[in-house]
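Number of protein chains: 2
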Amino acid sequence: MSFDARAFALSSRGAARALVSATTQKKDDALAAMASALRKHSARIAAENTVDVNDAKSAGKNAAFIDRLVLDEQRIEAMAAAVDAVRALPDPIGEVTERWTRPNGLRVRKERLPLGVVLMIYESRPNVTSDAAALCLKSGNVAILRGGSESFRSNRAIESALQEGLTSVGLPRESIQLVPTTDRESMLELLKLDGVIDLCIPRGGEGLIRFVVENARIPVVKHYQGVCHVYVEKTADLEVAERIIVNAKASRPGVCNAAECLLVDASIAADFLPRAAKALKAKGVELRAEERALQFIEAIPAKADDFGREFLELILAVKVVDGFEDALAHIAKFGSEHTEAIVTRDDALAKRFTREVTASAVMVNASTRFNDGGELGLGAEIGISTSRLHAFGAMGLKELTAQKYVVEGDGQIR
Amino acid sequence: MSFDARAFALSSRGAARALVSATTQKKDDALAAMASALRKHSARIAAENTVDVNDAKSAGKNAAFIDRLVLDEQRIEAMAAAVDAVRALPDPIGEVTERWTRPNGLRVRKERLPLGVVLMIYESRPNVTSDAAALCLKSGNVAILRGGSESFRSNRAIESALQEGLTSVGLPRESIQLVPTTDRESMLELLKLDGVIDLCIPRGGEGLIRFVVENARIPVVKHYQGVCHVYVEKTADLEVAERIIVNAKASRPGVCNAAECLLVDASIAADFLPRAAKALKAKGVELRAEERALQFIEAIPAKADDFGREFLELILAVKVVDGFEDALAHIAKFGSEHTEAIVTRDDALAKRFTREVTASAVMVNASTRFNDGGELGLGAEIGISTSRLHAFGAMGLKELTAQKYVVEGDGQIR
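Those protein sequences? They're chains A and B, same order as listed. Numbering-wise (the working numbering), the first sequence opens with residue 64 and increments by one. Numbering-wise (the working numbering), the second sequence opens with residue 64 and increments by one.
Here chain A stands alone, though its shape is the one from the complex:
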C-alpha cells in the first residue's frame, strides 16, 4: 500500500494541540522517560544499527559514511544524555518577551508559543533522530523525522523507544514520528503540505538542501555552506590573530564554521603572513595565496575560484587587502553570511564590522568555530540558519517558537 503523506501529517497535526497545552513538567517527564527508554533498549537499537551498517558496507559506502552511521553503546548513551540535557534547559513556551500598556489601558504582551509541526530532513547520522525529537518536544512542537534510507532500521528502533517514553506519561505517540518510507516521492508529498506542516529544517549536503528549497511549499529554514573569513586588521595583536586563524582553519576543517579564507591588511602582511603561514603549515594546512600574498609566503598560487569556496579540508585561501573597506567588500562578495571574524584592537572598526557585515555570527577577536549552539550557550541546536527569515544562525529552543500578541482589557472597544 502506498504511503498517504497527508493522512500521516494530519496524524502529527492532531498531536499538536496536546503539546501546545502540555505543562513544562509533563514535557520534562516525557523527556526523562525518552532518555530512559533509549538506555533500556540500547541493545536492540545497536542490533538494528548493525544491520544498517552491514548493508551500507555491502553497498560500498566509505569509511567516513560508516563512521557517521555507527551506533555503539557509548553513542547511544550519549544520545540519551543529550535528551537529558535538553530536559534541563528552560522551557521557552509561555515566555513573555515584551510587554507594554496602551493609552486606552490595554495590556499587551508578546508570548512564545510552539511553531506546530516541524519536519526534519537529514542524512545518515541516527543521533539526529533523538536530538531533534527532544528539542521539538521541549519547545512544544510535533516532530516529523525523515532520516536517510541507510539509517532507517536504526531510526525505527530509536523512534520506538522515544514513543514508549511519550506514551508512558500520557502524551500522544504521534508527537514524534519517523516517516515510514524513505523514497523521494514521499518526501516531495510532505514538502507540499502547506497548512499541515509548519516548518521544514533540512540538514545535510547542499544537494539535499537545494532539493528541499526547490520543491517545498512549506516554509524552509536553510543551512547552506559556510564560507567564513578571518580578517586580520592592521592594529591586530598578531599573536591573537595567529591563534585564531590556526584554530578557525585547522581545529576541525570539515565543519561549516571553519575558516576558508584569511584576509590580511597590506601594512602588516610582511609581519603577519610569514608567522601565520608557518603555524598553519605546522598543522598541515595547504595555503592558496593570491599574487600579493605570494610576496611574503611560499604557497600555491590561488585560482579565482579559490575565493568564495568552501574547502571543508585543510586548505586556506589567503589574500592581502587594502584596509577595512577592501576587506568588507571582499566579504560581501565572497562570504556566505555564515560566520565572519575580525582581529583588531581598534574598537571603532570592530563596531563597524559587527554592524556592517551581514552574517549569522560576527566575531571580534574570537575564532569562527564559536558559531555553534552549544558554544554560544543555547544548550543545543537544531541547525544553523544562513537565511535571515525566522532565524539567522544557531537555532536553539527559542528559534523553534513563534510569538503571539496577548491583549488583556476591561471591555475596551474601538
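Rather than coming from a laboratory, the hints here were simulated on the basis of the structure. Wrong hints could be hidden among the right ones.
Identical chains blur together in the list; that is why a pair holds if it fits in one copy or across any two.
Stated by the list, open to error - Cut-off 16 Å, straight-line C-alpha distance, at most; resulting in silico cross-link-like pairs (EDC-like, lysine to aspartate or glutamate):
| id | residue 1 | residue 2 |
| --- | --- | --- |
| 1 | K124 | E227 |
| 2 | K396 | E373 |
| 3 | K297 | D154 |
| 4 | K461 | D67 |
| 5 | K414 | D246 |
| 6 | K366 | D135 |
| 7 | K173 | D385 |
| 8 | K344 | E227 |
| 9 | K414 | E471 |
| 10 | K414 | E174 |
| 11 | K89 | D154 |
| 12 | K414 | D473 |
Mind docking chain B on chain A? Use the hints.
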C-alpha cells in the same frame, strides 16, 4: 524589450549594502525628503491617478474598487504624514535584544539587522506604495513594490517622488523601486529569485496570496483570512460582552479582524443571547444561529458552512457551547489563527485561553478589532501574518528585521 527580472532585482540587491550601513540620521533625512517630495508633487500624482481612475471606470470597476484607487490632495497629504510618522518611530536596526557572557569570557549578543530586499505585492490601494516604502527604508530594507495594474500610473508618480527624496540625501534610488511591468509572468520570475530577494509580503485577496504561495521559491509571509470568534464565557460581564461583540462585528465588518462567530456558554445563553441579538440587529447585523441558539433568539438557521466562514459583511454566526473545552475545540476547528477573544471574569480560564488558543492575537475582555499594528502600538504595520514563521500577527518595523549573533572576545579559541 522584455523585463529582465533578475537584473532588476540585482539592482535592488546592490542598494542593500548602502542601507545596511546607513545611519538612523541618514534614513530619517531620507524619509523627511520623501514626505516633502510627495507633498511637492501632489498635483502630478493626483493627475496621474485621475488617468488610472478613468481607465478603471471605463473597465467597469465597481464603486468600492474606485474608492480604494482614488487619490485626492487630502489622501496624498495623509500618505506624506504616514511617512513622517514612520520617521518618528525608533530605528530597530542595531537594537540589542539579548546579551550574555559565556564561561570562557566571550560576550555574546543578538542584534537586529535588516532582512535585505523585500518584495511587496499588493492590489489597488496606491497608498501602500509609500507606506511600505517608508517602513522598509526605516528598517534598512530595500523595497521592491509590485502594485496592481489599475494603479500603475499613480504608483509610478509616487515612486518618482520617493526616489527624489532618496537621492536628495545620497541614498541609492534603487532602495525603492516599482516593478516596471504588471504582468503575471514578471511577478512569477521575481518570485523565483531565491538568494536575491529575501522576503515576499503579499497583501490583497486570498486568490493573490494563494498564487504567491504556490509559486514562490522565496520566503513568503502570508496573510490569509480572519475567521475571528468572540467567546462569552459563563462568568462574563454581560454588558462588556455585548459591547465587545457589537464592536467586533459591526464597527467595520469588511476587515480581517472583525468577528465572524459568537460562542456563548449554555448556562448564560438565555440571559445573554436575547440582549446581544437586540443590540446586533440594531446595527443591522444578520444572525445565523445553530439549533440550540435558536431557542433563545429569532435568527436564520445556520448552515454547516456558516461556521469557519469569513463573511466580511454584517452577518454573524452564533453557537451555544458547553463550556470552555467545547469553545476551545470549536475555535481550534474553525478558527483561522488570526484573532480570538474571550469575555470572562475567571482569571484562570483567561490564562488558559491565552495559552492554549493558537492565534496571532488572543484578546481577553477586548474587541478583536484591536489586532492591528497601530492599535497595538507598533506605530505602523506592513501586514498581519497568519503563519507562525518569522512573524505572527501585526508586522511593524521589528518584524522587518533579522537578528545576528555578535561575539566579542579577547583571542578565545575552541
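Here's how the hints hold up against the structure:
1. With identical chains, the CA atoms of K124 and E227 are never at most 16 Å apart, being 32 Å at best within one copy and 61 Å at best between copies.
2. With identical chains, the CA atoms of K396 and E373 are at most 16 Å apart within one copy only, with a shortest distance of 14 Å there and 48 Å across copies.
3. When the C-alpha separation of K297 and D154 is checked against a cutoff of 16 Å, the pair qualifies neither within a copy, at 45 Å, nor between copies, at 32 Å.
4. With identical chains, the CA atoms of K461 and D67 are never at most 16 Å apart, being 32 Å at best within one copy and 40 Å at best between copies.
5. Taking CA atoms no more than 16 Å apart as the test, K414 paired with D246 passes in neither setting, with 49 Å inside one copy and 44 Å between copies.
6. Taking the shortest alpha-carbon separations for K366 and D135, neither the intra-copy value of 43 Å nor the inter-copy value of 60 Å comes in at or below 16 Å.
7. Within a single copy, K173 and D385 get their C-alpha atoms no closer than 46 Å, and across copies no closer than 30 Å, so neither meets the 16 Å cut-off.
8. When the C-alpha separation of K344 and E227 is checked against a cutoff of 16 Å, the pair qualifies neither within a copy, at 51 Å, nor between copies, at 55 Å.
9. Taking the shortest alpha-carbon separations for K414 and E471, only the inter-copy value of 10 Å comes in at or below 16 Å, while the best intra-copy value is 40 Å.
10. For a Cα distance limit of 16 Å, the shortest separation of K414 from E174 across copies, 12 Å, qualifies, whereas the shortest one inside one copy, 32 Å, does not.
11. Taking identical chains as interchangeable, the C-alpha atoms of K89 and D154 lie at most 16 Å apart only when both belong to the same chain, with a minimum of 11 Å there against 41 Å between chains.
12. Proximity of K414 and D473 under a CA criterion of 16 Å is satisfied inter-copy only: 15 Å between copies versus 46 Å inside one chain copy.
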